[in-house]
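Q: Just need the whole structure built from these sequences, with the hints factored in.
Number of protein chains: 2
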Amino acid sequence: MMAWMNSESFAETVRTGKAVYWSRSRGKLWRKGEESGHAQAVRAIYVDCDADTILLKVEQVGAACHEGYRTCFFREVRPEGLKVVAQRLVDPSQIYGKSSH
Amino acid sequence: MMAWMNSESFAETVRTGKAVYWSRSRGKLWRKGEESGHAQAVRAIYVDCDADTILLKVEQVGAACHEGYRTCFFREVRPEGLKVVAQRLVDPSQIYGKSSH
Chain A
116 MMAWMNSESF AETVRTGKAV YWSRSRGKLW RKGEESGHAQ AVRAIYVDCD
166 ADTILLKVEQ VGAACHEGYR TCFFREVRPE GLKVVAQRLV DPSQIYGKSS
216 H
Chain B
116 MMAWMNSESF AETVRTGKAV YWSRSRGKLW RKGEESGHAQ AVRAIYVDCD
166 ADTILLKVEQ VGAACHEGYR TCFFREVRPE GLKVVAQRLV DPSQIYGKSS
216 H
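For the protein sequence lines, the chains are A and B, in the order given.
Once you know that position 71 of the first sequence is 186 in my numbering, the rest is easy, because the numbers rise by one and skip nothing.
Once you know that position 14 of the second sequence is 129 in my numbering, the rest is easy, because the numbers rise by one and skip nothing.
Simulated from the structure, these hints should not be mistaken for laboratory data.
Only a predicted model underlies this, so the values are computations on that prediction, with no experimental measurement involved.
Treat the hints with caution; some may be incorrect.
If several chains are the same, the list does not tell them apart, and a pair holds so long as it fits within one copy or across any two.
Claimed, not checked - With a straight-line Cα cutoff of 30 angstroms, these simulated DSSO-like cross-link-like pairs (lysine-lysine) come out:
no., residue 1, residue 2
1, Lys143, Lys172
2, Lys133, Lys143
3, Lys133, Lys172
4, Lys172, Lys198
A: What follows is the structure in structure tokens.
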């Protein structure tokens, strides 16, 4: 998955060992799994050469993706179009209540 | 590595099977490896759930990173600070001439 961080979410991620992002649409910290239960235990954190991209190595509980897949990258670009190449683990309607991501 | 694409670079990537990005700083297509020789043969292309992030699975020639590492994510965030956790493959000064990325 790809998500955004700000300095506050980064600091909390480092401090707690659980992935915390910044939800731009909701304008608040997004503690991954706080609603869905699909948390990410952080195993390693890397920064890139110009220090504006962070790579988290995580242990994923359940589905990272709000569509119910383990990864958000569940579709492959093929000559014939997009092809779903992963198994859906959970029904998206079962992940959240009224809120959405 | 993380880089940007526009529709033109995406189309060329799909068509040629070689990674092509959009250089925002130079305002032009960035055919990865055109100067450095460090090209990326694309093995698979994935798009994420909301179709605004692309994940390329590539076969990397040499160093993806302009710092001479195979990956741009060559530093790990540790309690004591950033630690280089990869081997430098090439001297950055040998990769490019006067141009920089």
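Q: It remains to establish, for every hint, whether it holds in the given structure.
A: Comparing the hints with the structure gives:
no.: 1; hint: Lys143 - Lys172; verdict: within (23 angstroms within a copy, 32 angstroms between copies)
no.: 2; hint: Lys133 - Lys143; verdict: within (16 angstroms within a copy, 38 angstroms between copies)
no.: 3; hint: Lys133 - Lys172; verdict: both (11 angstroms within a copy, 27 angstroms between copies)
no.: 4; hint: Lys172 - Lys198; verdict: both (26 angstroms within a copy, 16 angstroms between copies)
Taken one by one, the earlier hints all hold for this structure without exception.
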